[in-house]
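*Asks:* Read off the chains here:
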Amino acid sequence: MTASDLLRVLRERKGTALSVTLHVLVIGWGLMTFSTRSMEALPEEDVIPVDISVDQTTKMTAGVKNGKKENPKPLVEKVAEAKPVDEPVGKIDKKEVVTSTSTPDPPPKPVEKPIEKKPDPKPEAKKEEPKQAEKKPDEKANDPIAEALKNEAKKPPKQEAKAAPPQPPKPKQERVFDQSKIAALLDKRDPSRQAVTGDVINPNAALGTRTGNANAMVATWHSAFVSAVKRCFNFPYNGQDADQFEVDIDVQMRPDGTVAAPPAIVAVRGPSKTIGTALGESARRAIEQCQSYAFLPKAQYDSWKLIQMTFGLKDLL
Amino acid sequence: MSKVPVVTRRRFMMATGSAFAALGVRSAWGQGRLKINPDEFQPMPIAIPAFVPGTPADGQAGADVAGVITNNLKRSGLFAPIDPAAFIDRITNSDDPPRFANWKQINAQALVVGRVTRQGDGRLKAEFRLWDVGTGQQLDGQSYVTSPEYWRRISHIISDRIYERLTGEKGYFDSRIVFIDESGSAERRIKRLALMDQDGANVRYLTKGADLVITPRFSPSTQEITYMEFGQGDPRVYLYNIETGQREIVGNFPGMSFAPRFSPDGQRIIMSLQQGGNANLFVMDLRSKSMTRLTDTPAIDTAPSYAPDGSRLCFESDRGGKPQIYVMAANGGAAQRISFGDGTYSTPVWSPRGDYIAFTKQAGGQFAIGIMKPDGSGERILTSGFHNEGPTFAPNGRVVMFFRDPGGNSGPSLFTVDVTGRNEQREPTPGYASDPAWSPLLS
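Residue numbers (our numbering), protein chains in the order written: chain A, 53 to 369; chain B, 4 to 446.
In isolation and in its complexed conformation, chain A is listed as follows (with noise of 0.2 Å):
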């Protein structure tokens, strides 16, 4: 076997080993893209906070596709609780602005005349130098990691670009104070904060407004609920064996967030059976005590018909 031979197999193999990767790669977002659905209903409420994935997001900031243009509302599921903000009138003001769709527009005004400046310089940098590294990555032809190299070399122009623009300070100095730009800018905020609750339910979905998903937000009450809870949870006991003991507790709930059963003790662990039944009735004293959880969303009202929680005494030592 010659030199060539074996770069020709170590290509070969080359190619072989980039295409498993990719697919094991492939195979694994989408396990893990997949599998963020059961984080929703993830316990643990370190975690709970960080579990924005993809998915919410996406289905957040979707557009409705079948509905009517003639549509002004966003879609609200259900009403807003009375909060003690003086900002009602603004809401109002704000929703106008965003039915109108009109919100895009205003930004890219004040843009415009930059842009016809700014674009020549930055496709300038950005063709001449990227032509550069293009012409020496033309003479490997499909070598994958030339492509890689490639992508690389093709981030520097953009600083590059980016370190140009001192020069145009022009446009920035066109960024003047304008009170109407300034509503636009905050209206834009408004359709991913108001569309789920209102002041009124509005169930109609105008086409290319936020759709509702509050069902898609299941992991935001777990936190508050624990938080809330944990604010009654007062065990009295400092012994060094603390982190023995948990108490699984069951809780059937009402829809307006009050508990509507005495919570039920459901295993009890520990080295002893009376501080462990102490814990556990110090846990549905706290759950009852703590009431009402008026703040668990309603329309969720299935995901927490019944809360499951295991209490324990675990980070107190």
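Check the hints yourself; a few may be wrong.
[Claimed, not checked] Part of the chain A face toward chain B, derived, beta carbon under 10 Å:
#1 F277
#2 C284
#3 P314
#4 I317
#5 G328
#6 R336
#7 L365
Keep in mind the hints are simulated off the structure, nothing from the lab. Just so it is clear, CB atoms sit at the ideal spot from N, CA and C, and this is done for glycine as well.
Mind docking chain B on chain A? Use the hints.
*Replies:* Frame of chain A, contents of chain B only:
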């Protein structure tokens, strides 16, 4: 050459395997429960209004009983009695269900109500109910009748009931402390054997201070105390009956006897006997007066303490060169060293729960009080300083009392700390105090 595909395959397996593993774990989490673990220990808010007087003359007694209970629970560090000034409701009849909303409003999780009545026969009747403020359920209720002078004892018993009901553990309030009361200058210190309630009340002096007494220890019966006294001759171990005031020498043998302690059944006393420059452990049967040698080493074996089941004992020995803690069978035999940290270890005492051995540790010019498991693992220093010594466990094994001497012209004081090292508190004593020993529960 052949490495490339092998590595790739392995990576593939690892990648897919970990992906499946991640999926499995997340599925399990998805079906799991909401975990609630408090971030830090917080004492439980509890309201203890003055007990309702059964007759107008019982008002002070009602306030006093509630005061003792409040003090006990507060000192335990597990409860946070709410200041009565914050109460927005009054208990006028301890038999009526309280208006829980008013107690919930001040964040009380538990409520203790009671009544104290001086009966026609002169005896005192104390009743209490423990309420769960959140659920409105009565958790406990009991009434006691006793001579009026024992009102503190009733308060301690009620405190224990509350403690046990809410923590699941036995309490330790209905117990006493025997200690050495010290008075006079540092050069001419008078040491008396003294007895008091665990909260520092009802101090009684058992000796007059003519002879030096040290290391008092309670019998499980709580009626007797054994201690060492420097009398006219050699220091000897004595037995003292609290009720009758009688005392007797334990055994009659040449040389010094010291560091006595009762066996858990109260039938035997284990102690050290001096033999030349050495000291060995002996146990004496109090009925037959027979002595049994447990150790025979050219070293100083002392400070023996039985495990609560009586099967083993721990003691201090310098057989390895410097004082360390050893554990051996109660009838002697091979001893196993369990202390291996820096410095020296002394005065070991086995917890009534059996889970820990407390000790005095001397290292780096500091005296520390610590605990370790009977196998020597899990050593934990509870407090450290210029001089801390002589640990003794509360009857429930959750609190350790010891004495601390700041040095100089002042004298020692008693302190308590729980076995986690939290809630260190000074024990009230009339003067300087050392060598405490906690009694078992009186009831």
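*Asks:* So, G328/A near chain B? Judge it on the closest CB pair being under 10 Å.
*Replies:* With a minimum Cβ separation of about 7 Å from chain B (threshold 10 Å), the hint on G328/A holds.
*Asks:* Let's test the interface hint: is any C-beta of chain B closer than 10 Å to that of I317/A?
*Replies:* violated (13 Å)
*Asks:* Taking the closest Cβ pair, is L365/A under 10 Å from chain B?
*Replies:* Because about 7 Å separates L365/A from the closest Cβ in chain B, which is inside the 10 Å limit, the hint holds.
*Asks:* Holds or violated: is there a CB of chain B closer than 10 Å to the CB of F277/A?
*Replies:* Hint holds; F277/A Cβ to chain B Cβ min 7 Å, cut 10 Å.
*Asks:* Against chain B, is R336/A within 10 Å by beta-carbon distance?
*Replies:* holds (7 Å)
*Asks:* Holds or violated: P314/A as interface residue toward chain B, Cβ cutoff 10 Å?
*Replies:* Hint holds; P314/A Cβ to chain B Cβ min 7 Å, cut 10 Å.
*Asks:* Using the nearest Cβ pair, does C284/A come within less than 10 Å of chain B?
*Replies:* Hint holds; C284/A Cβ to chain B Cβ min 8 Å, cut 10 Å.
When held up to the earlier numbered hints, the structure conflicts with hint 4 and nothing else.
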